[in-house]
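Chains as they are written, first to last, in this note's numbering: chain S, 350 to 626; chain D, 6 to 247.
Fair warning: there could be bad hints in the mix.
Stated by the list, open to error - To give an idea of the chain D side of the interface with chain S (calculated C-beta under 8 Å), a few residues: (1) Leu-57; (2) Arg-156; (3) His-233.
Just so you know, these hints were derived from the structure itself, not from any lab. Since this is a predicted model, take the numbers as computed values, not measurements. Positions of the beta carbon are idealized from the N, C-alpha and C atoms, including for glycine.
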Amino acid sequence: MLQNSTKNLTPRQVYEQKERRKGVVIASVSTFIVLALIFILVPTAPGWEAVQKSFFNKEVFIKTFPKLLSAFWIDVLIFLWCAPLIAILGLAIALCRDVQSPALFPLRIFGAIYTDIFRGVPVVLTVYLIGFGIPGLGLPRPYNSPYIWGSVALVLTYSAYVAEIFRSGIESVHKSQRAAASSLGLSNSDVMRYVVLPQAIRRVVPANMNMLIALQKDVALLSFIGPVEIFRQAGVFKSLLANFTPYVGAAIIFLAVTIPATRFADYLLAKQNRERS
Amino acid sequence: MSKLRVENVVKSFGEVTVLKGLNLSVDEGEMICLIGASGSGKSTLLRSINLLEPIDDGAIWLDGDDISLPGLDPQPVRQKIGIVFQSYNLFPHMSAVENVMLAPRRIYKKSREALRPEIEQLFEKFGLADRMDHYPDQLSGGQQQRVAIVRALAMKPQIMLFDEVTSALDPELVAEVLDVLRALKAQNMTMILATHEMGFAREAADRVCILHEGEIIEEGKPEEIFSHPKHPRSQAFLKSVL
């Protein structure tokens, strides 16, 4: 290796190497100081013992963790049926906003209004309004299930965001691609289906991964309208045991899923940036 | 009757009038080279003939039919008129052969298997037989441009338009694309080229048209145009490029 054999390096390379080493040393020292301060200072806080007892209680953690984990399965299920519906509806809305024909102008307006409304209202409000409002119409069982209407609320909200992502992807495909496809005599819908969309969808995969991660967390909002998923389950334990540790347990479970997913999304994005440059 | 006739075509982009009542007629099997400075309207003319740009006034006749009529469905016209662009514009998510097959598959509703023999023949003819399954980013510029030409030819057009197809290529790759154009001429393909390859225009064109600010200021046999240009603008332009 060139770096190891100093005698082969030019003075400039030696200088660069020294600078790099200096950087590593400074970063290590400053990280160490910050960590040391946290470990020394936090336990000296007056409320530390109380916090430790009510948030980081080992017995409570061990007792509640398995139940939390099985409650998390409900989150996973809700996520699994919402995600494909969001992809389909989001794409449909994005296509609505791209239609050129004047006869279909109402579709464009609908697409614009839809995205404005559902991006403008906090998710939790949509969950409340739809989750309580629609079953309130007097729907019979099982059609009044909060699982259904909570999922509908999530699908409607996230589709609005995903539609915007797809639309940005569609617009990012250079117009020369459309021109080349049209010049062969392809119809507008074929141009979209075979030339524009495949490129657009690929480009927005990283952005959509981030939406999936956000959705995975927002599934917990359904707890407000009934389903005993992980957040609700943690709340039940909190009341039962008068201890906040279950919330920490729930947070750990979420992180166990979202951190790898986030890293994967970052990896996809970095890969895409490399390919484009 | 000429194969294609462009009659008093006017085209503006906002304030800028790019084509100012341009006239051009092309006979069957003729190869026409459009030369002129950048911005003289060569590309716009080709794009208008392919109906990628709607014209503001005038008419474009193909076999005696006005293809520029407003409201006319452009698809059947485009199937008869192929165009190849400076920047190749291959579809990056498809292999070379898929790029070529897309339009015939969708428009003539033919299966890949039914198309394969004739498409293979086209690839072979242009020296691309071993590149059929490559993706555009695995091909050199010259290969990409040849695939783009094959893609247009697969629709069996009656006229081919070439918009500065060698301008984006590295100099050593220009020849392979020009060879393709010569081969097409040998088959009597009706062609209109916008080009900066003066040597090629001189050697291969049946007629050379010099465009200046949206008009054809001079046209004729290449030897006349290149040796004795009459219009002062043509003289100035040719002096600057030759």
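- Message: So, as I understand it, the hint says Leu-57(D) touches chain S; can you test that by seeing if any CB pair is closer than 8 Å?
- Response: Since chain S brings a Cβ to about 5 Å from Leu-57(D), closer than 8 Å, the hint holds.
- Return the status of the interface hint for Arg-156(D): holds when the least beta-carbon distance to chain S is below 8 Å, violated otherwise. At about 7 Å, which falls below the 8 Å cut-off, the nearest Cβ of chain S leaves the hint on Arg-156(D) intact, so it holds.
- Query: Can the hint on His-233(D) be confirmed by a CB-to-CB distance to chain S that is less than 8 Å?
  - Reply: Nearest chain S Cβ about 37 Å off; hint violated.
Consistency note: the structure conflicts with earlier hint 3 alone.
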